[in-house]
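Residue numbers (our numbering), protein chains in the order written: chain A, 58 to 512; chain B, 2 to 343.
Honestly, the hints are just simulated from the structure, not real lab data. Hints may contain errors.
[What the hints assert, rightly or not] DSSO-like cross-link-like pairs, simulated, lysine-lysine; straight-line CA separation at most 30 Å:
id, chain 1, residue 1, chain 2, residue 2
1, B, Lys3, A, Lys455
2, B, Lys65, A, Lys466
3, B, Lys164, B, Lys88
4, B, Lys88, A, Lys466
5, B, Lys3, A, Lys468
6, B, Lys88, B, Lys65
7, A, Lys468, B, Lys88
[What the hints assert, rightly or not] Covered by chain B, per the in silico footprint, the following chain A stretches (three or more residues, Cβ under 8 Å):
id, region
8, 219–230
9, 249–257
10, 360–366
C-beta: ideal position from N, C-alpha, C; glycine also.
In case you want the letters, here they are:
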Amino acid sequence: MAENTYLIQGAAILGGDPEDLLIRDGFIAARGQDIYGAAGFDDATVLDAAGLVALPGMVDVHTHLREPGREDAETVETGTRAAALGGFTAVHAMANSNPVADTAGVVEQVHSLGRAAGWVDVRPVGAVTVGLAGEQLAELGAMADSRAQVRMFSDDGICVHDPVLMRRALEYVKAFDGVVAQHAQEPRLTAGAQMNEGAVSAVLGLAGWPAVAEESIIARDVLLAQHVGSRLHICHVSTAGSVEIVRWAKARGINVTAEVTPHHLLLTDELVRSYDPVYKVNPPLRTDADVQALREGLADGTIDVVGTDHAPHPSEHKECEWAQAAMGMTGLETALSVVQETMIETGLMTWADFARVTSFTPAVIGRLSDQGRPLEVGEPANVILVDPAARWTVDPHKMATMGRNSPFKGKELPGSVVATFFKGHPTVLDGQLNTPYRYPEHQEPMGAAGAVSSK
Amino acid sequence: MKHLLSTENLSASDAIRILDTAEEMSAVGEREVKKLPALRGRTVVNLFFEDSTRTRISFEAAAKRLSADVINFAAKGSSVSKGESLKDTAQTLAAMGADAVVIRHWASGAPHRLAATDWIDAAVINAGDGTHEHPTQALLDAFTMRRHWSRVNGTASVAADLKGMRVAIAGDVLHSRVARSNVWLLKTLGAEVTLVAPPTLLPIGVEHWPCKVSYNLDATLEAGTDAMMMLRVQGERMNASFFPSTREYSRRWGFDDARLRALDDLGMKDTIIMHPGPMNRGLEISSAAADSPRSTVLAQVRNGVSVRMAALYLLLSGDSREAASTNAATLAFAGQSSKESN
Chain A
58 MAENTYLIQG
68 AAILGGDPED
78 LLIRDGFIAA
88 RGQDIYGAAG
98 FDDATVLDAA
108 GLVALPGMVD
118 VHTHLREPGR
128 EDAETVETGT
138 RAAALGGFTA
148 VHAMANSNPV
158 ADTAGVVEQV
168 HSLGRAAGWV
178 DVRPVGAVTV
188 GLAGEQLAEL
198 GAMADSRAQV
208 RMFSDDGICV
218 HDPVLMRRAL
228 EYVKAFDGVV
238 AQHAQEPRLT
248 AGAQMNEGAV
258 SAVLGLAGWP
268 AVAEESIIAR
278 DVLLAQHVGS
288 RLHICHVSTA
298 GSVEIVRWAK
308 ARGINVTAEV
318 TPHHLLLTDE
328 LVRSYDPVYK
338 VNPPLRTDAD
348 VQALREGLAD
358 GTIDVVGTDH
368 APHPSEHKEC
378 EWAQAAMGMT
388 GLETALSVVQ
398 ETMIETGLMT
408 WADFARVTSF
418 TPAVIGRLSD
428 QGRPLEVGEP
438 ANVILVDPAA
448 RWTVDPHKMA
458 TMGRNSPFKG
468 KELPGSVVAT
478 FFKGHPTVLD
488 GQLNTPYRYP
498 EHQEPMGAAG
508 AVSSK
Chain B
2 MKHLLSTENL
12 SASDAIRILD
22 TAEEMSAVGE
32 REVKKLPALR
42 GRTVVNLFFE
52 DSTRTRISFE
62 AAAKRLSADV
72 INFAAKGSSV
82 SKGESLKDTA
92 QTLAAMGADA
102 VVIRHWASGA
112 PHRLAATDWI
122 DAAVINAGDG
132 THEHPTQALL
142 DAFTMRRHWS
152 RVNGTASVAA
162 DLKGMRVAIA
172 GDVLHSRVAR
182 SNVWLLKTLG
192 AEVTLVAPPT
202 LLPIGVEHWP
212 CKVSYNLDAT
222 LEAGTDAMMM
232 LRVQGERMNA
242 SFFPSTREYS
252 RRWGFDDARL
262 RALDDLGMKD
272 TIIMHPGPMN
282 RGLEISSAAA
292 DSPRSTVLAQ
302 VRNGVSVRMA
312 ALYLLLSGDS
322 REAASTNAAT
332 LAFAGQSSKE
342 SN
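Assemble the whole structure, with the sequences as input and the hints as a guide.
In structure tokens:
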């Protein structure tokens, strides 16, 4: 059998009628009945995909891979294994590593670690400001021109709160079709904040993180983006008010995109009553009304994409008092299931919508030319096969990520990733890690070549 | 009851059982030999991550009067200050055979973590956690109120609740674990609670609490109150713009001499004035008010030992423990509780 040829039989493409797909040499070679006249099909490795849904490989706009600096929490290798198992073929690695990804050197290091790992495309996000300090622009152009070809810039974890600096960043990235991804958190309103400010925080005596601290920054930034005519992305939108502001901004034609995490689509601040720090995350879990508004916003397109905000931490950073604990949750290996549970099982979205919010649009935001493409002949074969009928119980100790901080621990979720094809190579088969993709020697990196038409 | 973590989930029957047991314990404090053998051979650890000499010695006296062995573990000058985690500290105490851990911690929820994890199997008593709860303070306040309310009504305090009693709590509710524990417990016992504070010192979400909220201390007093509890206000709140100045705070929300006189003018001769201590005399309470016959400040301290004895006794030798019947017999000899003086 030919090593690089796979025949997927009877998969529901984007949830449609069962069809066959032929993958050869990294591309989709044929689709439907045409396969059986195409070269090489009789040599192909056959995968019976009856009952499975074929989707474009998921693209995460928001991943913390922790390397360099916190290899005790995650490495590019372990994080991208988790990504492949979760159905991703590309992740954006956030800049808050140590050293911070604020120079061409660091983003190139992360980029090459990703290529060496070979599980997914690793697209480094560049810091907006030097050292995430919020004082001085990092060398955004150098990062854009580097081998990592950075297009997304973010101080994620910290808000670019200085309005002048934010304005300049938005203006400057226009030079190379970049986007500023804002972590919207007014710092003075959230000093010492531990959880959503509301009925639950009042009882628990934990310092509140008010919704207005997120919404006021989003309101300011959409107006700045309008004023300077630039492209703005809002990370992890978490409140009903934020959805309203983004909806208003889009109605005015402002070039803003927004992201929601799987955990904000499912979990509420009621869980904090346990004081278990596995539920501590930034922005915090909100109320049920917020959860419902986020689901509606994602369904109606106000929120463009799902981003995991995968944030692994070593267990000692969670086995402690709430106030001492680190903020963040793992998410790569549960994202598909949580989105299926909250958006598809509820009837709010179809699998085609799922492909839009987890693959097509994230690739456009990150300017990834060979990701988030339709499953058509000639397109790069970044494809996943999903069993929507599967049910499984989350066990963090069985995950590929080094982080054990999954808030879904013990929860039964629908849907599992059966196979992941990255550049035509199966990184995951039968729900298990297979082998990484190996780049040909001396080949120029693929990726953001500016081929995607900009808005 | 395995732990005493909060009053939010404390049932009325458990609360009254603690208060009734505390009545019996208070009689021990009146005797020449202030000691019971109830917890002989048991080890109680006072684990204090935050300085509080008053609470610590109250628990220490309570445990010693029950003949328990007491270990005081203060975060300062111990391995905790060298960065040892709560988990390691708890496991160390478990390895040493602690039967009960009395924990005071600056972080809300720390006692819940000890109780919920498998780090230690001992009974956990919350001696104040962050801005969350201070259940034994609320129980001693309720004990003090119940004795007063019974005397005013000419009824026995044992087995009684606080139905019909009007309690006002004034001060920094936002940062107060005492206020939270009192609101839940007083509601459970049937009292009517009014919180009085500047709007900046009330938590967002207070409207869901089972109490009334007022910004006006004078109006609250005029409406009638049977117990006026003043909360400590820290001067540093002023620097964070919770209020403009300590003088303005005192004028609007402090229990000053004019308000003390107003109680007489309003004919509220039986209204008591409470404070959990330590007091800022001249800020939230005037000296005349703190030292007046209405003040229960010292009775609260005295009752604190009785209530903490009751909590330790019920957790460590309660229903499920073999020693319970023997100890109950011992307690029966403790005799009638004496009249509380204000």
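Each hint tested on the structure:
1. For the proposed pair Lys3 (chain B) and Lys455 (chain A), the alpha carbon gap of about 33 Å is over 30 Å, so the pair is violated.
2. Proximity of Lys65 (chain B) to Lys466 (chain A) is assessed by CA-CA distance (about 43 Å); at most 30 Å being required, the pair is judged violated.
3. The straight-line distance between the Cα atoms of Lys164 (chain B) and Lys88 (chain B) is roughly 42 Å, outside the 30 Å bound, and the hint therefore fails.
4. Distance hint between Lys88 (chain B) and Lys466 (chain A) is fulfilled; the C-alpha atoms sit about 21 Å from each other, no more than 30 Å.
5. Between Lys3 (chain B) and Lys468 (chain A) the alpha-carbon distance is near 28 Å, which keeps this suggested pair within the 30 Å criterion.
6. With a C-alpha separation of about 27 Å, the suggested pairing of Lys88 (chain B) with Lys65 (chain B) holds against the 30 Å cut-off.
7. Note on Lys468 (chain A) and Lys88 (chain B): the hinted pairing holds, with a Cα-Cα distance of about 26 Å set against a maximum of 30 Å.
8. Residue count for the region 219–230 of chain A with a Cβ under 8 Å from a Cβ of chain B: 0. That is fewer than the three needed, and the coverage hint is violated.
9. Counting residues of the region 249–257 of chain A whose C-beta sits closer than 8 Å to any C-beta of chain B gives 5, which meets the bar of three, so the coverage hint holds.
10. Interface restraint, the region 360–366 of chain A with chain B: violated (0 residues with C-beta to C-beta distance below 8 Å; minimum three).
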